[in-house]
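Protein chains in written order, with the UniProt record's numbering: chain Y, 1 to 334; chain W, 1 to 384.
There may be inaccurate statements among the hints.
With beta-carbon atoms standing in for the labels, derived distance ranges [claimed, not checked]:
| id | chain 1 | residue 1 | chain 2 | residue 2 | range |
| --- | --- | --- | --- | --- | --- |
| 1 | W | A65 | Y | K167 | 30 to 40 Å |
| 2 | Y | A280 | W | A55 | 16 to 26 Å |
| 3 | W | A251 | Y | D298 | 24 to 34 Å |
| 4 | Y | P294 | W | D86 | 15 to 25 Å |
| 5 | Y | C165 | W | D86 | 27 to 37 Å |
| 6 | Y | S333 | W | A65 | 49 to 59 Å |
| 7 | Y | K269 | W | A65 | 30 to 40 Å |
| 8 | W | I290 | Y | V309 | 40 to 50 Å |
For the record, the hints were derived by calculation from the structure and aren't laboratory data. Note that the structure is predicted; figures quoted are calculated from it, not measured. All C-beta atoms in this analysis are idealised placements derived from N, C-alpha and C, irrespective of residue type, glycine included.
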Amino acid sequence: MSAHRSAHRSAHRSTRALIAAALLLPLAACAADTEKKPADTKAADTGGAFPYTVDNCGVKTTYQKAPERAVTMNQHVTEIMLELGLEKSLTGTAYLDDQVLPRHRKTYDAIPVLAKEYPSKEKLLAANPDFVYGGYASAFDAKDGRTRDELKKSGIDSRLNIEYCAKGRTTLDEVYREIDEIGRTFGAGDRAQKWITEARATVKKTEERFKGREPKPVFVYDSGDKTAQTVGGTGIGNELITRAGGRNVFAGIGKAFGDATWEQVVAGKPEIIVILDYGATTVEQKKKRLLDDPVLRDVPAVKNKKFAVLPLSDAVLGVRAPEAITKLASQFSE
Amino acid sequence: MKPATQPTPAPGTEPASVPGTEPASVPGTEPAPVPARRTGARPSTAAASRLRYGAVLTALTAALALAVVAGLSLGSVRIPPGQVIDALLPGAAPSPFRTIVMDVRLPRVLLGVLVGAGLAVCGTVLQALVRNRLADPFLLGISSGASTGAVVVLTLGIGATTAVAMPIGAFAGALAATVLVYGLARRGGSMTGTRLVLAGVTVSYILTALTTLVLVSSARPEHFREALYWSLGGLGSARWDALWIPGLVLAAALPLLLALARPLDLLLVGEEGATVLGLDVSRFRAAVFILVSLVTAVLVSASGAVGFIGLMVPHAARLLVGATHRALLPVSALGGALALVVADLAARTVASPQDIPVGVLTALIGGPLFLWLMRSRNAQGAVL
């Protein structure tokens with residue numbers, strides 16, 4: 001990312017430089033891609049090191065000190081804050097997808113909820129935040145005047161969960177990077193590092209359980225009758241499945257979520273169907289839909305009734321990822 | 001993504017054009033003078049015309065057969081032709097390929113044939129019935145009703161499974177819209193074409209707004225995707241057990257509608273003329289409207305609201321064989337089936353592995369084709 005921007009700046013000198021920069025841009029992007037790994041493994045010595053400068057989704061911010069009145073706009077970013085013990089810095093939360101992690105329930109209940117979904121801009125400003133943390137791109141919706149630029153004009157810093165600006169596949173590395181950068185922003189870099197170390201250990205333990213085994217073909221059923229809405233190859237959902245010892249049969253769809261046809265589901269011969277759990281349609285309803293479909297009767301997962309459940313709130317870039325992998329892995333090996 | 005806005009009647013069907021539907025003198029609605037013209041050409045070209053009609057029927061049938069074969073052989077999963085033939089032979093061993101060909105593609109193609117033929121015939125009948133060239137099954141609120149019903153079921157999660165509940169919701173919605181339009185259009189036992197169209201357009205707008213409201217307030221992006229397939233139509237949920245009802249309804253309704261050829265021709269001559277010739281226009285209109293609405297409701301509850309076919313196929317058919325309904329209705333049916341099977345073939349191959357709502361492709365492929373047909377026929381002096 002930062003390579004991107006500096007390439008832009010130097011380009012002002014002359015048109016020739018501009019052309020050169022344009023040619024180099026893809027290269028710079030590649031470089032940025034490979035650079036991100038060292039970024040999150042860097043030593044934890046920045047526990048309280050300010051000023052801290054971070055480039056988040058193309059917005060460069062320098063923090064002279066930790067924000068003190070943060071507002072979180074979505075469930076999973078709220079959970080990241082609470083997981084790092086930053087509830088004292090939180091002045092308000094918003095928009096739950098389902099329910100906050102049980103272990104954070106009590107601290108969550110003590111923090112004001114600004115709105116059931118997204119707070120309007122007025123409501124947001126009324127909370128007098130110095131930092132707004134969005135989980136989905138829609139948290140900074142232009143129609144409601146909540147863009148990051150506009151917030152900046154009101155003197156409010158912001159961060160967007162990097163799931164929504166990362167290019168290419170979202171992996172656990174992005175999870176670690178998100179935790180690391182939030183930790184540094186709030187002067188809690190060492191706590192972030194501790195969490196990351198533990199998460200790595202959890203994931204490693206899970207992976208060792210099925211080491212050497214062939215990954216099982218998995219089809220994720222989100223919803224849909226006319227088409228099968230499913231998880232593609234680029235989102236965190238795909239990463240969770242892969243890490244849990246599965247092979248997403250629709251990893252070839254170059255999106256986090258996408259549509260597949262039922263004939264492809266048949267051809268993919270999934271041995272396990274993961275049902276995404278959210279919203280008004282229950283897991284049982286979805287399972288029945290799949291079991292009742294005559295087209296799917298020879299699909300191994302349906303024939304053997306091999307279903308697993310993944311709550312949609314686990315399939316986001318947040319602190320649930322390591323446990324979600326463990327839960328999926330044990331459902332896969334049942 | 002604005003799925004709910006699609007079923008709104010085409011721009012040309014806005015009320016502005018509707019007042020012109022009643023008196024034959026108003027421009028834009030000349031009640032197709034084609035039958036007179038074609039019969040006027042007799043007797044010298046009668047044989048030639050019959051020959052031509054036979055050729056059109058044969059060509060359409062052949063094209064449809066070809067499209068069906070293509071529909072079985074092509075799709076988002078590549079299956080070698082040999083395997084397709086193996087899968088179709090009786091007594092083939094169960095395999096994923098056989099499931100795909102026999103249980104996914106075959107019902108899907110057949111549903112395309114049924115829905116395409118049905119919508120085109122319904123459109124043809126309605127255009128004569130309300131004496132408006134822009135009429136189609138969806139102008140009268142039926143498709144908007146179906147979308148609303150399906151979306152309500154979808155967002156509320158009603159029913160044991162959406163696969164069963166959504167078609168029922170769609171049918172209930174279409175039926176409710178039909179009753180509403182019928183009630184609004186009827187006054188003192190008489191029903192005029194203008195009132196029917198006005199009531200249909202209005203109900204359609206209201207229901208579309210309602211669908212959007214339900215979708216927006218449910219705030220689940222996943223719902224938008226599925227709603228898109230109901231608003232624009234999709235054949236991806238076709239299964240054998242979903243074919244019986246549309247099949248039976250169409251088997252009963254098609255001969256009935258084909259038998260209406262003569263009274264429909266009379267209507268085209270003019271309302272007074274038809275009355276003089278012994279047709280109770282108002283009653284006829286009400287009865288046929290109910291019949292067509294029911295058929296459309298059954299079809300769209302299986303396929304979603306596939307647009308364009310009911311509007312454009314009748315016109316294309318008229319360009320090919322003229323407006324005499326006895327000739328027109330079979331050609332419409334074949335043309336509609338062909339159009340939908342081809343469009344669906346594109347829907348599942350163009351962006352493979354992803355499906356596209358088939359309504360998008362009926363318009364994208366059918367539109368230019370129709371314009372070409374219109375221009376080339378105009379050059380030959382045909383009417384439109």
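Quiz item: Does the hinted range 49 to 59 Å hold for S333/Y and A65/W at CB?
Solution: holds (50 Å)
Exercise. State, for the Cβ atoms of I290/W and V309/Y, whether the hinted interval 40 to 50 Å holds or is violated.
Key: holds (46 Å)
Exercise. Check the following: the C-beta atoms of P294/Y and D86/W are separated by a distance inside 15 to 25 Å.
Key: Holds, since P294/Y and D86/W (Cβ atoms, about 20 Å apart) stay within the stated range.
Exercise. Can you let me know if the beta-carbon spacing of A251/W and D298/Y is within 24 to 34 Å?
Key: For A251/W and D298/Y the Cβ distance comes to about 31 Å; the hint holds.
Quiz prompt | 30 to 40 Å as the expected CB spacing between A65/W and K269/Y, which holds or is violated | solution = holds (32 Å)
Quiz item: Does the Cβ pair A65/W, K167/Y satisfy 30 to 40 Å?
Solution: violated (48 Å)
Quiz item: Within 27 to 37 Å or not, the Cβ separation of C165/Y and D86/W?
Solution: With a Cβ separation near 49 Å, C165/Y and D86/W fall outside 27 to 37 Å, so the hint is violated.
Quiz prompt | CB-CB spacing for A55/W and A280/Y relative to the 16 to 26 Å hint | solution = At roughly 54 Å between Cβ atoms, A55/W and A280/Y fall outside 16 to 26 Å, so the hint is violated.
Hints 1, 2, 5 from the list above are not met by this structure, while the remaining hints are.
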